[in-house]
Amino acid sequence: MANANTAPASGSIMVVGGGISGLTTALEAAEVGYEVFLVEKNPYLGGRVAQLNQYFPKLCPPTCGLEINFRRIKDNPRIKVFTLAEVEKVDGSAGNYTVTVKLNPRYVNENCTCCGACAEACEIEISDEFNFGMRRIKGAYLPFEMAFPARYVISPQIIGTEDAQKAKEACKYDAIDLEMTAKTIDLQVGSIVWATGWEPYDATRIDNLGFGQYDNIITNMMMERLAAPNGPTKGKILRPSDDKEPQSVAFVQCAGSRDENHLPYCSYICCMASLKQATYVRERYPDAKIYIFYIDLRAPGKRYEKFYDKIKEDENVFFIKGKVAEVSEDPTTKNITVVAEDTISGEKVHQTVDLVVLATGMQPTAANQKLPADLQFTEDGFMINDYTKGGMFAAGCASKPADVVSSNQNATGMALKAIQTLASK
Amino acid sequence: MADSYLVEPDIGFINEVVKLGGQDVKKCFQCATCAVACPISPDTKPFPRKEMLATSWGLKDRLIGNGDIWLCHNCGDCSTLCPRGAKPGDVISALRAYAVSEYAKPKALAKAVNDPKKLPILAAIPAVIFLVVGLITGLLNFSPGGDEIVHAHFFSTWLVDLIMLPTAAFAVAVFANGLKNFIADMHANALLEGKTDKQKIDAGGFIQALIKVIPTIFKHNRFNECGENKARGTAHMMVFYGFLGLFIVTNTFFIVLYVFKIHGPYSQLNPVKWLANVAGVSLVIGSLLLMKERASKKDQVSTYKDWFLLWLALGLGLTGLLAETSRLAGMAGFSYFIYFVHLMLVWSLFAYTPFSKLAHLVYRTVAMAYQEYSGRK
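Keeping their order, the protein sequence lines are chains A and B.
Under this note's numbering, the first residue of the first sequence is numbered 1, with each subsequent residue one higher.
Under this note's numbering, the first residue of the second sequence is numbered 1001, with each subsequent residue one higher.
Rather than coming from a laboratory, the hints here were simulated on the basis of the structure.
From a predicted model like this one, the values you see are computed outputs, not experimental measurements.
Hints should not be assumed to be uniformly reliable.
[As the list claims (entries may be wrong)] The calculated DMTMM-like cross-link candidates involving lysine to aspartate or glutamate, where the alpha carbons are at most 20 Å apart (straight line), are:
| # | chain 1 | residue 1 | chain 2 | residue 2 |
| --- | --- | --- | --- | --- |
| 1 | B | K1297 | A | E260 |
| 2 | B | K1377 | A | E326 |
| 3 | A | K302 | A | D403 |
I would like the entire structure built from these sequences, with the hints used as guidance.
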């Protein structure tokens, strides 16, 4: 780790987005001596990775990676973290930006010990967005066990209700401040790295795949939450309609990806994610059958190819080359039948399964939410890096669909780009 | 499947299909969404995914005699869901046009029917035939007299039938020859692709299958399964029954004329006349609706072959009704002229059907019958 004597900073760097890419950029820049402002719109850091059960291909929980990063942030006085924060405006040019940041109220201050008394006192339940609405939580909540900063949040939905008062009264540490309001601050920085990440593509928009219409059709990100020990089912994979343990699961690849009616590009991670999720099911249910319907299976690189080969050895995992284009539900059993043409045999397959997982792809956050800065984007909302102009850069999935490893490599590179902007000033 | 298969792409064929409306075929990446999206594609060897592959590889012999291209009713469900915009519906439609010209002999005429530059020649052929035969036989009377307008005084029914009957016979012969080859090819293709377990075509069984599919065709059941293009079903039905009604009317006139020696024009109170009028109106409205439908579908490819048939259908209906109404209105010169145009269009219908898109009425019927016969699920 860098010490205070190395690499004198000649300005500050702002990193927008506290997911795995943003964390990496922030840490890489801070650890060589630069001051970094890390701005995250959620009440916690970790982004999409925090929602995963395991990484592929090593199948270790993401908490390992996140924990060490959180530790590094805690130890590094050069990183200033703003959660519940959104960039509102960017003025100036490379080397000299003024960024207006809106800080939304958490209603909980640093006195919080995560004792949970406030949540117990609450009665109103709200939808748990961290778990894609698969469970309801109290209006005073901790986003997840590993949340950093480790502090409860009072949902704006209960502000002004009796519940908010009850929560405040229950707190023994005087940590709840219902008078908190949103405020804006201006920060002077030399360069900005946009690590704004991605959203799972809205599966309800894929009319023919029945998501939102049939209970037992879920997305791959929901599957991560079902398999995660801190998820709504405590890591048991149970299907939504009746909490039954699924004995057969179909994975529908390219659900909305490589499709000009939805996302025209390949989302890069979904094949590997489904292969990984096949292991979640197979590990829990030794007799379960897995059906993976795909156009082309993409396991890029030697390590991923090896992982794919391993899954192929499992006799209970079946690969069908053909995209699912039709689904139907049996109204009594709630089982789902998916239909595809097996293009190898040239026969249509009608496969009835307990649970269907749509391998939905990633859409850049900027596709649905315009970033308040002078930036260039592709038609699909990925940011285009203009290295001649410099000053602002996209890292990770803000610039292209990527896995965690590539995001981290890219994010490290962008930390250097941000530093170069300061150095050349 | 054989251990090795040497692909021999026919580049000329690919280019032709592209010209006929299949220009997006190469965008296909074989995901097979189309085969599932299609409401009428069977479970065994479904279409049109395999046809998309064969087309982009230029495998002409796998496609021309492929009955599946005729089972498709071009509803467009596949094109709507296609993730690549490869428009399978339009590719299959282009393949049908290609297949028609492949089976219809003489080939030069088939080429001309699909070539807009040859349209003036095609239009001139019936006019020349009528004038020449009329002048030689002396059956053409340029100064038809009488108080009542009788089209037959201008064009003798003898002249009309002298020309129309051989033309109809020509069309039947072209179809017969085409069908002979088509049925053999279709069966060979079905055996090759594993679409049937019947080794030989047994005529009795095939005719039974044909009788079985007739109600399906009359009720337009396949059209009703379509999602995307449902409105077209009704319009097509109007054109279909318009033609059918007029076919019945024409045959009735023919029999009455030659057997009972009763000449037209019939009274408007005659039920045959009712049928004629209703069918004529149905033809006009139906073809107008189909034109509107086609013009409004910006994501569907429309080519000359499509418009040729629609204008012919509309022209037939309009000139028929105009000739009749102008006759009743006493506009002699105009009525005789329109009747002449009408006769030219009728002749074109007979002569060019085996070479045009309208040939689908024969090929699709036979392909549907074969599908029924083959026992494919």
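Each hint tested on the structure:
no.: 1; hint: K1297(B) <-> E260(A); verdict: holds, 18 Å
no.: 2; hint: K1377(B) <-> E326(A); verdict: holds, 18 Å
no.: 3; hint: K302(A) <-> D403(A); verdict: holds, 15 Å
Going through the hint list in order, the structure satisfies each hint without exception.
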